[in-house]
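K.L.:
Chains L and E, in that order, give the protein sequences.
Residue numbers 1 to 230, in the working numbering, belong to the letters of the first sequence in order.
Residue numbers 1001 to 1220, in the working numbering, belong to the letters of the second sequence in order.
With a cut-off of at most 25 Å between alpha-carbon atoms, the simulated PhoX-like pairs for lysine-lysine come out as follows:
1) 44/L to 1210/E
2) 1040/E to 1145/E
3) 128/L to 49/L
4) 1117/E to 1132/E
5) 141/L to 44/L
6) 217/L to 1046/E
Quick list of the computed label-pair ranges, beta carbon to beta carbon:
7) 1185/E to 89/L: 17 to 23 Å
8) 79/L to 1047/E: 46 to 52 Å
9) 1046/E to 130/L: 43 to 49 Å
10) 1005/E to 14/L: 40 to 46 Å
11) 139/L to 1213/E: 39 to 45 Å
12) 214/L to 1039/E: 25 to 31 Å
13) 1206/E to 89/L: 42 to 48 Å
14) 14/L to 1046/E: 30 to 36 Å
15) 1082/E to 85/L: 48 to 54 Å
16) 1047/E to 179/L: 35 to 41 Å
17) 194/L to 1087/E: 20 to 26 Å
18) 51/L to 1213/E: 28 to 34 Å
19) 179/L to 1114/E: 40 to 46 Å
Please keep in mind that the hints were generated in silico from the structure rather than gathered at the bench.
For each residue, glycine too, the CB sits at the ideal point set by N, CA and C.
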Amino acid sequence: MELLSFGDTGWGDELFFATLMTIAVSIAAMVIGFVFALIFTPLKLSKNKSLNIIGNCYTTIIRGVPELLVIYLLFFGGTGAAMFVASIFGYDGYIEINAFITGALAIGIISGAYSTEVFRGAILSIDKGQFEASKVLGIKKYIQFYKIILPQMLRLSIPNLSNVWQITLKDTSLISVTGLVEIMRQSYIAAGSTRDPLFFYSVAAVLYLMLTFLSMKLINKLEIKYSKGY
Amino acid sequence: MISIFPSLLNGAVITLQLLVTSMFFGLIIGLIFAILRINKNPIINKFAYGYSYFFRGTPLLVQLYLIYYGLANIEFLRNSFFWVIIKEPYWCAIIAFSLNTGAYTSEILRSAFQTIKKGYIEAAQSLGVTKKITFYRIQLPIAIKQSLPAYGNEIILMLKGTSLASVITIMDLMGEARKVNVLTFKPFEAFITAGIIYLFITFIIHNIIKYLEKKYGFQT
Chain L
1 MELLSFGDTG WGDELFFATL MTIAVSIAAM VIGFVFALIF TPLKLSKNKS LNIIGNCYTT
61 IIRGVPELLV IYLLFFGGTG AAMFVASIFG YDGYIEINAF ITGALAIGII SGAYSTEVFR
121 GAILSIDKGQ FEASKVLGIK KYIQFYKIIL PQMLRLSIPN LSNVWQITLK DTSLISVTGL
181 VEIMRQSYIA AGSTRDPLFF YSVAAVLYLM LTFLSMKLIN KLEIKYSKGY
Chain E
1001 MISIFPSLLN GAVITLQLLV TSMFFGLIIG LIFAILRINK NPIINKFAYG YSYFFRGTPL
1061 LVQLYLIYYG LANIEFLRNS FFWVIIKEPY WCAIIAFSLN TGAYTSEILR SAFQTIKKGY
1121 IEAAQSLGVT KKITFYRIQL PIAIKQSLPA YGNEIILMLK GTSLASVITI MDLMGEARKV
1181 NVLTFKPFEA FITAGIIYLF ITFIIHNIIK YLEKKYGFQT
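Given the sequences, and given the hints that come with them, work out the whole structure.
P.N.:
As structure tokens, then:
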């Protein structure tokens, strides 16, 4: 227990901030994922063949390739790409992209692919009559989307989005390979310097379990709140 | 691009080995825990639930590190026969992957067991079929057939999971790609080629499962 105390002697405060970092990366990744999903869901549902292929390629490739690969590609490739762009503008120094940004972007791209599938399923399960009714009433396309489809889509996708959130939360542990100090990286450092890996990885496991447990409780509450009247 | 291909293919063989071995053990573990989950004894039931909750609620990386770094820390294990197994990163990876996929498989099989129509079991009972035969000849085949699509997803998730073996020094497909990246400083070539090989394996698994579903699929 001494190892977990706060202050200079223990690892409690470090692990606490690492947990906050994990939460921050997960939320950032989830938000980035939503942006990707809102771009690619219409593409997947579109009647235009070539747009459709773009949407399908995104979800198929990202869901068929290891998460670690996406992270490495962005981490190693991103630096190279940024330096290449900078060299065009005449800057030849070394550029290091922030580990938080690459990590959140990588996990965001992955969770976006899952969110896209969730949103697509939710829109497909909305009754066709609603689209027809709004068309008959002369409601414009974008108002129809924002006022009629989007609210229902969000409500229908909460249960599946909670799965996506769990996956995202667990995937953030992979960012530790790029050096971002979140739960996994912090436990690795602590385990290395105290030579007690069993204890610190168990603590990491407990922290992750706590996060998944608490977020499940929260999401269940949301679900009850938004399904009032159904 | 062509020069890095052979080493990546060597890595792909290791990836497939890891996948097949851990899926095999995972299926056995999953089946055992699914049967424990539908047991009516609350203690056995809770134990099986705890197992699946732990392995589904924590990242695979934590489990891998716990087994690879953590178990070696226990004096008692280090002096025992198990040390032969847990000192090898390869077997640590297989233990971690098997336990992880076992947890997911047990959930898939449990839900398949629970969705079997009561009528089948009642019919078997009224025909005087013993409980054991009802389980092996009626419940188990139906559950396996019903869980095929979900199990296919689990195989693909596990294929992606095996890439984590590279962080504990195993030279699987991911590990080889990392080595190529370090040696040549060409991250795009290394990782995109590896990605294509992963996609190819995913594609094959997907089609095998589709074929099996068509052949043995269970319609109710």
